[in-house]
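Chains as they are written, first to last, in UniProt numbering: chain A, 1 to 450; chain B, 1 to 450; chain C, 1 to 450.
These are computed hints drawn from the structure, not numbers from a lab.
In this list, chains with the same sequence are indistinguishable; a pair is considered to hold if it fits within one copy or across any two.
The calculated lysine-lysine pairs, modelled on BS3-like cross-linking and capped at a C-alpha distance of 25 Å, are:
(1) K361 / K421
(2) K309 / K208
(3) K361 / K267
(4) K361 / K410
(5) K421 / K410
Every value quoted in this text rests on a predicted model; they were computed, and no experiment measured them.
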Amino acid sequence: MNSNSVAMTDLSEMKHKLETVCIFGTGDFGRSLGLRLLQSGYGVVYGSRGLKNSLLLPKGSKIMSHAEAACEAHVIFVAVQREHYGFLSSLASDLEGKVLVDVSNNLKRGLYPESNAEYLSKLVPGATVLICGDSADAKQQVTNIAQSLSFTALDRGSLRAAAELEDLPLQLFPLWRLPLNIAICLTAFIFFYVLTRIVIYERVTNGKDIAFRIMISLANKAFPIVSLVMLSLCYLPGALAGFLQLYNGTKYRRFPDWLDRWMLCRKQLGLVALAFGFLHVLYTLVIPIRYYVRYRINVYTISLVKDNKTYEFDNTAAWRFDSYYSMGILGFGLFVLLGITSLPSVSNSLNWREFRFVQSKLGYLTLLLCTAHTFLYGWNRFLNPESYRWWMPPAYMLSLVVPCVVLILKLILITPCVDRKVTRIRQGWERQGKTSANGGDTKINQRLMA
Amino acid sequence: MNSNSVAMTDLSEMKHKLETVCIFGTGDFGRSLGLRLLQSGYGVVYGSRGLKNSLLLPKGSKIMSHAEAACEAHVIFVAVQREHYGFLSSLASDLEGKVLVDVSNNLKRGLYPESNAEYLSKLVPGATVLICGDSADAKQQVTNIAQSLSFTALDRGSLRAAAELEDLPLQLFPLWRLPLNIAICLTAFIFFYVLTRIVIYERVTNGKDIAFRIMISLANKAFPIVSLVMLSLCYLPGALAGFLQLYNGTKYRRFPDWLDRWMLCRKQLGLVALAFGFLHVLYTLVIPIRYYVRYRINVYTISLVKDNKTYEFDNTAAWRFDSYYSMGILGFGLFVLLGITSLPSVSNSLNWREFRFVQSKLGYLTLLLCTAHTFLYGWNRFLNPESYRWWMPPAYMLSLVVPCVVLILKLILITPCVDRKVTRIRQGWERQGKTSANGGDTKINQRLMA
Amino acid sequence: MNSNSVAMTDLSEMKHKLETVCIFGTGDFGRSLGLRLLQSGYGVVYGSRGLKNSLLLPKGSKIMSHAEAACEAHVIFVAVQREHYGFLSSLASDLEGKVLVDVSNNLKRGLYPESNAEYLSKLVPGATVLICGDSADAKQQVTNIAQSLSFTALDRGSLRAAAELEDLPLQLFPLWRLPLNIAICLTAFIFFYVLTRIVIYERVTNGKDIAFRIMISLANKAFPIVSLVMLSLCYLPGALAGFLQLYNGTKYRRFPDWLDRWMLCRKQLGLVALAFGFLHVLYTLVIPIRYYVRYRINVYTISLVKDNKTYEFDNTAAWRFDSYYSMGILGFGLFVLLGITSLPSVSNSLNWREFRFVQSKLGYLTLLLCTAHTFLYGWNRFLNPESYRWWMPPAYMLSLVVPCVVLILKLILITPCVDRKVTRIRQGWERQGKTSANGGDTKINQRLMA
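Could you build all of it, start to finish, from the sequences and the hints given here?
This is the structure:
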């Protein structure tokens, strides 16, 4: 090898390649970690209370007592359950100056240990490893190891941040909480509303039991309504934010907390709406194979024959129903497209302009199509007082309130004069009264720029 | 810490960890960037024209005048709008020898600033940061910082490449343009074709208004045709390339530009075809709940009763329709599979052989099934002169031309004798006449290899 | 540039940025690799037997003879087909001390060379490059280059591991083999079972030919059965593992090989089940547009009219069918959700607890819903001796065996007393008899921890 090649190589890198790493604990996690370290060229030595699992250890590793193992390496992964950490105190002198990596937080070992190996192998190259600690040096060493195992190490600050980090694996869909709660409450409300309006009303006024309609008819009223309302709730905060900026006359003022939190879960709101829309599609498509529907069609045909009447073709009805289905299909198609582009790997491959085009332009088009779909469903029954039962309007009318508000707000925001103002504000312009404190400074800077 | 561990650590790396980075501009982008830098252990100092937004700045950062801030750091991110860049000229002496990072191109700040923070937080670890510049040293420093923030830095060459880079975020689905234009033109053509053939023809010859059929019947003729044609357009360039290589007798000749461009957007062609196929499926599945269809079935049943006729069961029709639907479902199922494997995260997890197997073998099987589906739709009406109206054949017959051409070309290419030739060419073999210029050299090399 | 910045920069890194890399071979792969290297700032020199393809080479690269090119660089990529490797032996002296990178294994050049460029460009930043070799130094240099091209280099050990590595690109869905074979065998078995029970039975006993039902009716019996059985096969190994751990009284004993292999392909089993479930949904939804179904409904209506009977509404039937469809839709909806979360990019964004919640909790819920769906399909015909034909029970009854076993096993495992035991075992507890060998050691450790 010539001298040039020696200069080329980062020698310090080479050394840690051959370094020995110590793992306390021979459980699934310790073994998986050790295997991966060995594959990446590290030496691996296990520290264990006994030797009972030594047969299961990856080939090429060594096993010794905790104290002996600690002497062999500079970086020590503590892969035993936290309630057994006591033994570490007796090793205090052996651990002097070592980098101790506590991996327990990250994986909740012990609770689901049968699958930890699976989880670790699921960690594809490129997975992120969150690291926090007070020694920059120690962090760097762990980062180096993580990178050798093809993980992306992400420094999450000092040891004080560890508490937050430890909670991360215990979180269960934090951003999905609010949307799911809204969905559950809305579904329950709409369900009891249509239950009262249809099943109970029929029972009370006609004494007929049509409770079997709960399974499909009523579900297929609740699902589309929840879907439409949640889709519009997904676009409402953006519109509100626009009006707030107009009112404030500046973009340099924080939004209220509730609006911030709302905006953060827009994606989740949209995906829950899509799930309900998907169920609506399936519930609609099974209609013609339902027993009840076949029965009704059959009874109607027979009644026409017996009364010697003909089924008059109603051209308007043909237009109405076909438009109604067509809007629904196109809306759902676009909705699925929105869902696909919100997959992490797809949205990462879009640039900012493309992402905005899909999620904003196509999103509003979806909302428009779905709202039109609902209006066509109502058709001339809309606002018809006869369709009220016990003063309750049909459920679909309730579902139109939020989408219409969102669409009207958006319509106002895209009128040229309002749009111009919003754009200027978003480019940093501020209404005079708001900037009095630093107006002078701004002017000075503008002069410099001239 | 023992001496071994010191050797292990890359000290130069450690230093830049603690380095201070300067950000000019306290807007959304500047604040988000600063927060991320702080989290990664950098010191952050903001340079600002005033102090008005200092309350919004991330905790731990400092704010000072542009000149003072510039002195504190070696790397300076310029996160103000480009039209305000003027102030930089007055700082010329303070900026001497500094690395100035212009991030404006990358995100189009100013246009959509309300969402930049959202965009930056959307940038998951592993996102790619494109860098260009003339100083390898400066680029390396920015690369280091990007990597500390867990982005993948991608060197895109010298400053001359910056113009191209600046256009990247302004691109709106460049590879989708051609497929979408083809889809729109094809849809419009087929739509007007079937409009003429069905609605206008009926109006002219029978005086009946069946315009309501536009919404579903006609849409459901246009969508499957566009889907099938575009699916075959997705496989046509590969077949053409094979024949071109056979004709050229070598693979060492560039394909014509139009073929290159066509081959580059095959994935997009296929996905647009899938979207149209998806709409076709939904339009087909709503058929039985359409008012018009229920009306026709009802009228037919009543007419049978009145005429005292029975509905003779036609075994051939049962076979034909069931096969027709079955081919369609299987074709669509495979098509969805192709779509899923073209998701970035899925296709990245396939090796080359698997990717080829799915996209080529299964792709051709999909095309075969969908073509068979269309042939079964035509059945004995196929090429039947009675189905012509105003000399216009049924639309589905038009849709079969391209798929049949593709399938025939593929059939030729996979016949053993042709396949052998193509494989040899693709392994580097060249027809004699083509290599006369360097035939001697080739022979010499072949002798060496013996 | 001030001294501070010099210290900050890793100089050895800077040098290799400007280094020249040699590529033997000017084919598609060599050209694509060279372009990418040039873009990343490397010098590129091609070694070629002739100069015939020099016009196609990326701008900025040089071309010379193999020997001359070898002298220009320290790292040499050998991008010619393996059967032409002979020429390397004549260059032995020129290659002394060089790092020779054999990329041939990785991409099977020569077989599909027309698409290699496409494949290389498909390799997004972050793609993994597997490296093995005996010289740590050489490996580090190749790793550096790979990282400069924004690939993640993954060290796969010494040269002995190369054989395994060479097989990687030849693998064709290794983890899908078992699930697909199970699916094919099951489908074939169920298909011939229902063929005998329905078509052949009808032919033999009534002399009627209903073979047309193969296309949809029979397929729609086979697909849901295969889907349900495979979904339950996906959860069976986990339940078995729980019982095995209970029986062993420890988790520190390897599962038998067949169970390990089974557990490794659970995801694939589930996805194949989902694909069959998807086909089942489509086959079910086309039912009402089938010729045969329309015929039967028509005949039934006419017979009612002629016999002057009315279609009595059966409230129980309405409940039964609607519940049946509803369970199916909800089960399928959840199943699709499971499928989406198993996409690499989605499952990577979940933490361990979320992943387990979806794949285990929601997975069992899906299984429960789909099993209920099947029971409701059977309804009172279930275990009815009249539904046996030639002693063969209806096919759906067969399909319920495995799901019921899995659900019963799971039910046992989640009863409080069993669950407590399993949890303790999974946290490392071992039954007394099993730990006699190292019981003393354990006790000592427990004393230390107190």
